[in-house]
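Colleague: Top line first, the protein sequences correspond to chains A and B.
Counting from 19, one number per residue, gives the positions in the first sequence under the working numbering.
Counting from 207, one number per residue, gives the positions in the second sequence under the working numbering.
The hints are simulated quantities; they were obtained by calculation from the structure and are not laboratory data.
Be careful, since some hints might not be right.
Okay, derived cross-link-like pairs now, DSSO-like style, lysine-lysine, Cα gap no bigger than 30 Å in a straight line [stated by the list, open to error]:
| id | chain 1 | residue 1 | chain 2 | residue 2 |
| --- | --- | --- | --- | --- |
| 1 | B | LYS440 | B | LYS502 |
| 2 | B | LYS1191 | B | LYS1115 |
| 3 | B | LYS765 | A | LYS201 |
| 4 | A | LYS264 | B | LYS1115 |
| 5 | A | LYS93 | B | LYS768 |
| 6 | B | LYS1152 | B | LYS1115 |
| 7 | A | LYS57 | B | LYS765 |
| 8 | B | LYS1114 | A | LYS172 |
| 9 | B | LYS457 | A | LYS264 |
| 10 | B | LYS316 | A | LYS57 |
| 11 | A | LYS93 | B | LYS1191 |
| 12 | B | LYS723 | B | LYS765 |
| 13 | B | LYS974 | B | LYS765 |
| 14 | B | LYS217 | A | LYS201 |
| 15 | B | LYS765 | A | LYS93 |
| 16 | A | LYS57 | B | LYS265 |
| 17 | B | LYS1152 | B | LYS1070 |
| 18 | A | LYS93 | B | LYS1122 |
| 19 | B | LYS765 | A | LYS264 |
| 20 | B | LYS1152 | B | LYS457 |
| 21 | A | LYS93 | B | LYS723 |
| 22 | B | LYS374 | B | LYS736 |
| 23 | B | LYS217 | A | LYS57 |
| 24 | B | LYS316 | A | LYS264 |
| 25 | B | LYS457 | A | LYS57 |
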Amino acid sequence: MPNALVIRAPGTNCDQEMCRAFQLAGAAPELLHLDALVKDPSQLNRFQLVGFPGGFSYGDDIASGRIFAMRCREKLYPALRTAVERGVPIIGACNGFQVLVQIGLLPGPAAGQPWPREHAPEQTVALTDNENGRFCDRWVGMVAEPKSRCIWTKGIEQSINPRDTEDVWMFPVAHGEGRFICKDESVLRELESSGRVALRYADNYNGSQNAIAGICDDSGLIFGLMPHPERFLEWTRHPYWTRLDKRITSTTTPGLRVFQNAVNHTLAVATR
Amino acid sequence: MRVHRVEVWPKSPSLDARGASVARSAASIGISLGTVASARIYLLETDADAAQVAVLAQKLLADPVTERAVIHAAPLAKNAFQVEVHPLPGVMDPAAQSVEVAAQELFQGKRRVRVSTGTRYDLLDLSGGKAQAELLARRVLFNPAIQAAHFDAYLPKSLPSGHEYVAKVGRIAIRDLNDDQLQKMSREAHLFLSLDEMRAVRDEYRTLGRDPTDVELETIAQTWSEHCVHKTLKSNIKYTAAAGTTADPLKFAGRPGHTVHPDGSVTIANLLKSTVAAATHELIADGIDWTLSVFKDNSGVIAFDDAHGVCIKVETHNHPSAIEPYGGSATGIGGCIRDVIGTGLGAKPIASTDVFCVAMPSETELPPGCLPPKRVLSEVVRGIRDYGNRMGIPTVSGAVAFDNRYIGNPLVFAGCIGLIPRNMVHGASRPGDRIIALGGRTGRDGIHGATFSSAEMEHTHADEFSHAVQIGNAIEEKRTLDAILRARDFGGGPLYHGMTDCGAGGFSSAVGEMGGKIGATVQLDRAPLKYAGLSYTEIWISEAQERMVLAVPAHNVAKLQKICDEEGVELADLGEFGTPGAELVLRYGDLEVGRLPMAFLHDGIPTPTREAEWTPSTPTVRSASKQPNLSISSSLFSLLSHPNIASKHWIIRQYDHEVQGNSIVKPLGGPLTRGPMDAAVLQPIPSTRRGIAISCGLQTGLGNPEIGGDPYLMTLAAIDECVRNLVCVGADPTRIAILDNFCWPSCSEARNLGTLVRAAEACYDGAKAYRTPFVSGKDSLNNQLRYTDPVSGEQKLIEIPPTLLITGLAIVSDVARCVTMDAKSPGNVLLLVGETSSAMGGSHLQLIAPEMIADGSIPHTDLKSGPRTAHTVASVISNGLVRSAHDVSDGGLLCAVAEMLIAGSTAKKPVGASLKLEAAHADVIAAAFSESPSRYILEVAPENAKEVQAKLAAAGVSAQSIGTLDNSGRLKASGLDAGVEDLAKAWLAPLDW
């Protein structure tokens, strides 16, 4: 059973759900405090999967995920790079996504380029204040990018079969700073052309560029998204499950599918 | 050391959401300007040089993609006015604390850094000049209770810091004071004690043969405050009803603790014990075996399953929210969460609730010192949002009620629900345990909160009591929670014997409570302080947030310390529980500054008999409004747009109601996730399909003295409403626990105490009839505003309407069988369950069009048929015979059906309904809009309709088929043919801020 590390910090609050997601998907989750990891970064070597959970790390003071990301950039980058080079799938949801882009792990180096040795890549995308300036909790329709390299979202749309006339393919979102912005047009073009866009909003309520909800790196292993797949592990979490057909509610939820994809990937790599 | 200033600006106006939001607010209050550019300001007092500060700004403070950092102050454009907002000295600045810690790490501990943060707004093309800038600052940008506004760059030479403090014991001569002098002392020292109480204090010190020290007197005032001891509800009361009230639905004979005198007056011994608590104890004696802890602890606990209990507490934070709504509501929910954490040996918070009562958002006539109601509501929502979301606790249930009598005294109810292992429900400190404080540091903030909350609001309070108002730091509390749960679940058992939170009264109340039977010795100089200079009294009574007190056996302190170090939580050892004579001993350094017998502190408060009167007003139709008679159709649209009824999605969506991933029925549901669900359902332990449901009942209109209301009937209706809401989602009606939160105007007035008595009696009757024990409760009295009219110079008083919130927590046997209120399928039958009465006193139709109402009497809740209906509806739901269920409440039958259609209809799959109103009542106005209690609408598949009706009939519950669902997307009834999307617009728009 692969080991999954979930990293928490003061204010992290979706860590339990993410552990449960990894567990239901067939991994053995372990929760570690960022302080403990900074003290001994080699602990990362024990894990085949890594999750950056949601929440308000360090109160999201200064900006969402800023202090968490700064500490990772300054203290953990070489250890994280080693994990990436080992082929460890990494997910960041919500605050975790905000952390991954500020570390520089997403979108990562250009296609075919190696990860820099000592210092994390420059940050080229950001998750900034929602267009209306407010925190928003809702379920939002999702569109998975069929050409994406992302291993976490592979085949996710087929997991809802048959598709209902009502738009049941949704994820919950809950954030104030989720508007996806690229540093410039070329970054956005590169993301789109290299298959790094994994998920889009069907209703672009936060004003993200190209309605982007989630991206991955060139390997498809590092995945960040504003929605919370870990909050949708059972159909009874869907906002209108009481009116859904059994044919739908007997399938695996798209949320669980995300984590199963990654666990299955590590198992496949291990047996190859 | 010098102060460096860093400004962080959005790179482009399109990225400046905060500036845009201020520009919108400016427009809404008629201030004309172009745009607003905003920046965060960091003032860093440090020995780092400018280059190092620049590196810090780049690495930590500014986002390289969206922001740019400016060292010092960016120049101001010619056409702009500058406003800066900075916290007043001593006000909690959580961002500053985080920056300090992060900067220390970046500088590798080699530089000293102190931080203060602020915000800069550049107002471009402002017409009206500086006066308008000042107006905008005052109305939108800052609150003088906690912040200062500057109109140019704030460049302090140093950041404020504390001063040295040398302790000297203060003694207060009280033994020779006469009544006048005692009252003067009570007022001027902000003790808020009555004359009787001041006399008791004086007499105690005469017995002791000495004068009190300053800290002793403060301790007594805190402990005896209404907020801490609930002296009104626990007092003995003589109740008299005006002559000629023979038709009173409230009967006094045979109640426990009540003596009915021949003249009809009634003496009640300890009102709370004889009503609310008596109902619970009688129910327990009568076989209810699933309560685990009632009234004793910080929250009430009921059984969830064999291994777990669920606990619940609802608090109010009204007066602080009047002065500073953001900090007031945030620290309100923060305190209630700590109550849950501090229950027994510790519960894990799993959900929060919030209910607000505010003035109509349209109200513009403000008494002096009052904030505009729209701002109050926006800010209390923001406070709950910022605290609850950061704690990672879903805010799942709530309500908002609007009435202009809340203008100077809004009500903010904050609730929290926790999950607790059953073997952790009880804890108690033991002699020899160390007194351990965990969490935030102690500061001058929050001093006199308990006594302030027990007094009435005066318009001068914003100045006098701004120190009672605080800003919370949720992450401090989250860290403390993480540490406590680790200490609770420590291998080998919890590391402590007892725990409570520091709420009102601070250490004074927490240690006083925990050591109440065994005594305690407290070394006050050991409390970690936010800044130097606090006196020992300030340390003892400060209500600084995010602090817990634990009773820890000495041999466990090191283990607890290790956990706290790992979680970044500060631990302080303040002394020891247990003294030979069960005394409270307070020390500062080598000085003994106070010594009080615990017995006097907790039992010495005099219990005078208070007078209560009840004079029912006759139900009258209020003077006819200028509105002509409305049609059924326009009445429905007006009702759906009334802020009490209109959608609260603007509030709900700002709360993370999904965190922890266990929400089964959410506040909003249906295919467009806009349907207002009756109650929230959670599955707190994913491995079991058992769940909990949470909802509330609030029927203030039925108690309104202006229309002949009766708080007795109001309270019964609120209990019934709460039960209905829970039943509608599939909760088990035999497993409902309820809570009372009384918010009343001054009960020194006999007439107000009279209405309070009636509400309390209804709590007894309602709880017994529905078999819903009260497990916890709280009261907030003196909710009224006294002010001097600035024009006439007259003294004015605005009393809030008597307000009783009933909160319900129920068990759901199987969450997979939950039902929601969104209309499901065309062809299904709509059944109206329960009797519709013509009594429409206190209804929403009466509020908007009183002349349409034929019968203005107050509806009665039938205590026989109400519970029977609830149980029968629950049984047909659990049999799987019901597709959707919704309670009929505010706005009556038509509003309820409209809500079901709005919830269930989409453009792709429209749902409509045709109703026969006459089936509900011969008077179609009453049929459409009566708010008679104990009614439900059930959507049933046609093949099941007969069976459901038969089951209801067999139980003696009335039910009529009132129509069928179709795919028209229209709601039709006599005099009504409205598009569901048009109804939705009317309902969604009013509070879509």
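Colleague: Take the hints in turn and mark each one as holding or not.
Modeller: Quick rundown of the hints versus the structure:
With a C-alpha separation of about 14 Å, the suggested pairing of LYS440(B) with LYS502(B) holds against the 30 Å cut-off. In summary, the hint linking LYS1191(B) to LYS1115(B) is supported, as the alpha carbons are separated by about 18 Å, within the 30 Å threshold. Distance check on the hinted pair: LYS765(B) and LYS201(A) sit about 48 Å apart at the alpha-carbon level, beyond 30 Å; violated. A C-alpha spacing of about 19 Å is found between LYS264(A) and LYS1115(B), which places the hinted pair at or below 30 Å, so the restraint holds.
Proposed proximity of LYS93(A) and LYS768(B) is supported: the alpha carbons are some 23 Å apart, at most 30 Å. Taking the CA atoms of LYS1152(B) and LYS1115(B), the gap is about 27 Å. The hint holds against a cut of 30 Å. For the hint pairing LYS57(A) with LYS765(B), the CA-to-CA distance comes to about 20 Å; that is within 30 Å, so the pair holds. With a C-alpha separation of about 29 Å, the suggested pairing of LYS1114(B) with LYS172(A) holds against the 30 Å cut-off.
At most 30 Å may separate the alpha-carbon atoms for a hinted pair to count; LYS457(B) and LYS264(A) exceed this at roughly 53 Å. As the CA atoms of LYS316(B) and LYS57(A) are separated by approximately 19 Å, the hinted pair is consistent with the 30 Å bound. Under the criterion of a C-alpha separation no larger than 30 Å, the hint pairing LYS93(A) with LYS1191(B) is inconsistent with the structure, at around 52 Å. With a CA separation close to 27 Å, the supplied pair LYS723(B) and LYS765(B) stays within the 30 Å bound.
The straight-line distance between the Cα atoms of LYS974(B) and LYS765(B) is roughly 47 Å, outside the 30 Å bound, and the hint therefore fails. Taken as a hint, the LYS217(B) and LYS201(A) pair is honoured in the structure, with Cα atoms around 11 Å apart against an allowance of 30 Å. At most 30 Å may separate the alpha-carbon atoms for a hinted pair to count; LYS765(B) and LYS93(A) meet this at roughly 28 Å. Using a Cα cut-off of 30 Å, the hinted pair LYS57(A) and LYS265(B) holds, with the two alpha carbons roughly 21 Å apart.
A threshold of 30 Å between alpha carbons decides the hint, and for LYS1152(B) with LYS1070(B) the separation of about 25 Å falls inside it, so the pair holds. The straight-line distance between the Cα atoms of LYS93(A) and LYS1122(B) is roughly 71 Å, outside the 30 Å bound, and the hint therefore fails. In summary, the hint linking LYS765(B) to LYS264(A) is not supported, as the alpha carbons are separated by about 51 Å, beyond the 30 Å threshold. Between LYS1152(B) and LYS457(B) the alpha-carbon distance is near 40 Å, which puts this suggested pair outside the 30 Å criterion.
Proposed proximity of LYS93(A) and LYS723(B) is contradicted: the alpha carbons are some 51 Å apart, above 30 Å. For the suggested pair LYS374(B) and LYS736(B), the alpha carbons sit about 21 Å apart, so the restraint of at most 30 Å is met. Pair hint LYS217(B) plus LYS57(A) does not hold up; C-alpha atoms about 36 Å apart against a cutoff of 30 Å. Only pairs whose Cα atoms come within 30 Å are accepted, and LYS316(B) paired with LYS264(A) is rejected, the gap being roughly 62 Å.
Of the supplied pair hints, the one linking LYS457(B) and LYS57(A) is violated, its CA atoms being roughly 70 Å apart against a limit of 30 Å.
Checked against the numbered hints above, the structure breaks hints 3, 9, 11, 13, 18, 19, 20, 21, 23, 24 and 25 and satisfies the rest.
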